[in-house]
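Chemist: Those sequence lines, one after another, are chains A and B.
For the first sequence, my numbering puts the final residue at 579, and the numbers step up evenly by one.
For the second sequence, my numbering puts the final residue at 579, and the numbers step up evenly by one.
No wet-lab data here; the hints were simulated from the structure.
If you're wondering where the values come from, they're calculated on a predicted model, not measured in any experiment.
All clues given are correct.
Identical copies carry no separate label here, and so any pair may be met within one copy or between two of them.
Calculated lysine-lysine pairs in the DSS-like style (CA-CA distance at most 30 Å, straight line): (1) K195 / K364; (2) K344 / K234; (3) K396 / K212; (4) K188 / K364; (5) K364 / K434; (6) K364 / K561; (7) K195 / K561; (8) K270 / K298; (9) K441 / K467; (10) K234 / K195; (11) K212 / K441.
2 protein chains.
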Amino acid sequence: MQNEESLEPSINSSFCVLRSAFLVLVISFTGSAAAETIADQIIQRELAGSQAYDTLSYLTDNIGQRLSGSKGAAAAVKWTTDRFRSWGVPVTTEKVMVPHWVRGAEEARLVSHMDQKIVLTALGGSVATSMMGLTADVVEVNSFDELKALGAKAKGKIVFYNNPMDMDLVRAHRGFEAYGKAVAFRSSGPSRAAEYGAVAALIRSVGSASLRTTHTGALRYDPNQPKIPAAAMTAEDAMLVDRLLKKGERVRMHLLLTPRILPDVESANVIAELRGSEKPEEIVVIGGHLDSWDLGTGAIDDGSGVAMVMETMRLLKEMNLTPKRTIRCVLFMNEENGSNGGRAYFANHKNDKHVAAIESDSGVAAPTGFRTTLKGDALTALERRAEPLAAIGAAKFETTRETGADTSFLIEAGVPGFSFVPEPLHYFDYHHTPADTLDKVDPKELAQDSAAVAALTWILAN
Amino acid sequence: MQNEESLEPSINSSFCVLRSAFLVLVISFTGSAAAETIADQIIQRELAGSQAYDTLSYLTDNIGQRLSGSKGAAAAVKWTTDRFRSWGVPVTTEKVMVPHWVRGAEEARLVSHMDQKIVLTALGGSVATSMMGLTADVVEVNSFDELKALGAKAKGKIVFYNNPMDMDLVRAHRGFEAYGKAVAFRSSGPSRAAEYGAVAALIRSVGSASLRTTHTGALRYDPNQPKIPAAAMTAEDAMLVDRLLKKGERVRMHLLLTPRILPDVESANVIAELRGSEKPEEIVVIGGHLDSWDLGTGAIDDGSGVAMVMETMRLLKEMNLTPKRTIRCVLFMNEENGSNGGRAYFANHKNDKHVAAIESDSGVAAPTGFRTTLKGDALTALERRAEPLAAIGAAKFETTRETGADTSFLIEAGVPGFSFVPEPLHYFDYHHTPADTLDKVDPKELAQDSAAVAALTWILAN
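Make the full structure from the sequences, and use the hints.
Modeler: Quick look at the structure:
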């Protein structure tokens with residue numbers, strides 16, 4: 118997930134209208150015991166015979182990284198489509214044009230300090246240096262105010278934003294907040310530095326653990342500024358440069374980045390449906406994103422989310438359960454560096470009658486519950502219906518304004534949103550790093566998570 | 118440190134003779150309270166005004182990696198020599214010829230599985246593949262017996278030794294044992310595989326933590342076998358290949374390694390001395406190794422050991438303490454890939470009267486005590502003298518046969534040996550990896566460790 122500050126949807130007026138509609142909907146089925154019983158069965162069946170790990174294993178081990186425009190992303194579209202079909206779940210794809218950014222060489226060394234190697238990785242979307250690289254002094258700032266104070270002194274320099282995640286927040290299980298703060302420098306830092314004449318921008322990798330570990334993610338260039346190359350140093354390298362500068366030494370770096378920005382590529386959202394028996398025109402959307410960053414294999418971001426929502430469809434089909442409303446599973450393309458899949462889905466389906474949207478893009482760990490845009494009586498009514506989720510520790514609902522990037526367009530239009538919340542403590546140890554790989558996933562926890570998503574989906578659809 | 122099985126010294130007969138001499142020596146100063154009082158003062162002074170972290174900071178941040186033959190190693194020889202001189206401690210250097218192995222490109226991908234990137238690092242001393250790399254099927258074994266059973270089936274293949282560290286041992290604070298077992302495949306695995314016609318050898322990185330983290334270290338080619346390229350995959354990549362093979366899939370890898378073996382280089386041990394006032398011909402050697410692996414900056418292996426023994430000399434000089442016996446501090450070159458420094462020191466000084474040798478090459482963490490070749494009454498007598506070390510938790514002595522690679526030549530010749538032992542739990546999380554950097558060192562613990570080494574040195578020299 119991106120979790121960039123600017124992606125937080127504003128709450129507009131249509132939201133209130135639709136939320137009222139949903140309130141009626143939720144309250145209308147209070148008192149029916151059948152849904153709860155089936156939710157219990159869904160959970161038990163999933164825990165006993167989950168295939169979610171097999172799905173995730175193929176996506177990550179056999180296909181690997183799935184960055185938008187890559188052959189991995191294309192293979193993932195094809196394989197997931199085939200997979201739904203093999204389960205007997207009707208499926209289609211929806212065209213999405215995506216950027217095609219390809220990582221190249223990424224090398225740096227301190228020419229001022231024995232040519233020490235600096236470990237870094239290009240930010241997604243970065244332009245390249247020249248093929249010979251560039252050499253410049255490094256200046257450090259910790260805020261945009263400090264950058265402004267530096268002013269003309271940034272000209273010709275490499276601007277280094279040294280902003281670690283707030284580990285107190287991480288340890289308080291509020292890693293997403295800590296990430297949101299630190300990542301501002303990744304998104305807009307390069308263009309802000311370019312404004313003052315910097316020749317490149319570096320950030321400190323935004324992660325909660327490091328063994329010289331790089332953490333990539335998208336930058337966003339301001340069209341009014343020159344595009345300068347940008348990369349994330351590991352925490353260790355950031356601390357090294359900081360220590361040398363604090364000793365009063367001149368730090369001069371050679372930097373070579375050769376990513377390529379190729380023409381946009383046609384890709385797709387994958388859309389599978391279980392048609393509702395009573396109100397087929399009313400749709401519960403569940404989704405994760407099929408693309409990943411390219412450093413790891415996207416097991417936690419967001420292979421696991423994809424596995425959970427695919428598993429929901431497989432399980433309901435296997436159990437021969439037909440929901441009253443339509444359940445639509447969307448595997449979004451390009452969440453990581455454009456959100457074009459979420460945008461395309463909204464453009465194509467904004468007139469559909471969406472009654473709820475569940476996004477799973479917060480990793481995989483012991484389930485805790487859901488964040489939701491619902492509150493008040495509507496939430497209370499739902500909590501009563503969702504009691505079966507307590508059996509797997511997933512019955513906690515917390516009101517929020519933001520439930521995920523791909524469904525943000527729906528949420529902004531007033532659709533009640535849900536975001537699945539596994540325990541977040543270690544998410545940012547791996548997210549967007551080369552270490553986001555299958556071994557970080559506990560199959561039992563993935564089954565519990567899938568059970569939680571499947572059960573809530575069933576409850577909302579009935 | 119290497120801790121390779123074949124480095125364990127055998128106990129020969131001269132050992133017993135010299136140990137008896139030492140026993141007399143230790144018992145002879147039982148009853149003198151002065152040494153203990155000064156040991157207390159040494160500890161207090163070091164804790165109050167340690168400069169060990171400054172020493173380590175320059176070695177790692179300003180000089181960086183110090184692989185034998187590199188410009189970092191040469192800079193380290195010069196800087197440490199100058200540093201002793203600036204403290205007023207007499208210092209000299211001693212010629213050591215060292216290998217000059219230079220890491221090159223190291224790239225691998227699974228051509229059988231979407232060209233997935235495999236993260237690996239060449240083993241120290243490895244020959245290169247051709248400049249185009251090689252492509253071959255991967256076969257996995259978990260022991261030399263399995264390799265033997267594979268026999269001719271290894272011909273033309275990449276042999277992959279999938280041997281993780283025993284994490285139960287690591288958690289039981291016995292990481293060095295776990296390392297010793299797993300590292301056998303790194304040392305002799307490549308030649309054993311070559312014997313069966315393998316074209317390359319891979320091991321699973323020998324470490325106790327991984328965020329897609331490579332762990333290098335020396336291999337040892339059998340002169341009777343063809344030299345084949347060899348590398349360590351990260352734990353994650355090793356697990357990936359293992360999972361794919363266990364699914365019954367054919368795993369085919371493209372491997373490119375371009376290290377270069379250049380002509381040997383003249384380097385040096387750095388030798389500083391505080392001459393004894395009463396028995397200057399009797400020498401207590403203290404040492405660490407100045408070289409490091411090239412992936413990190415060798416902060417824990419063995420910049421910290423070097424910092425501790427240098428600090429001992431600086432501190433005694435600053436306190437105007439003249440020992441009765443000579444204290445000789447040796448910064449050994451080339452421990453990591455040849456032990457030529459330890460060997461050269463022994464060749465040049467085997468006729469000196471060494472009464473004890475303390476090696477510090479087990480990292481930096483809270484001090485626990487020392488391993489020693491002493492036992493019985495000699496050890497009991499020493500333990501009594503070393504009571505001041507209890508103030509910093511460093512008074513535990515444990516009898517062992519092995520106290521370190523550089524002093525192993527002395528120990529084998531019968532000199533009583535000591536090895537400083539910090540808490541080992543996290544040592545192999547960083548050792549030989551890119552993450553062996555200054556930020557892993559707690560300055561307070563380094564001061565405690567330095568105090569422990571300085572205090573024991575003083576006690577043994579008086």
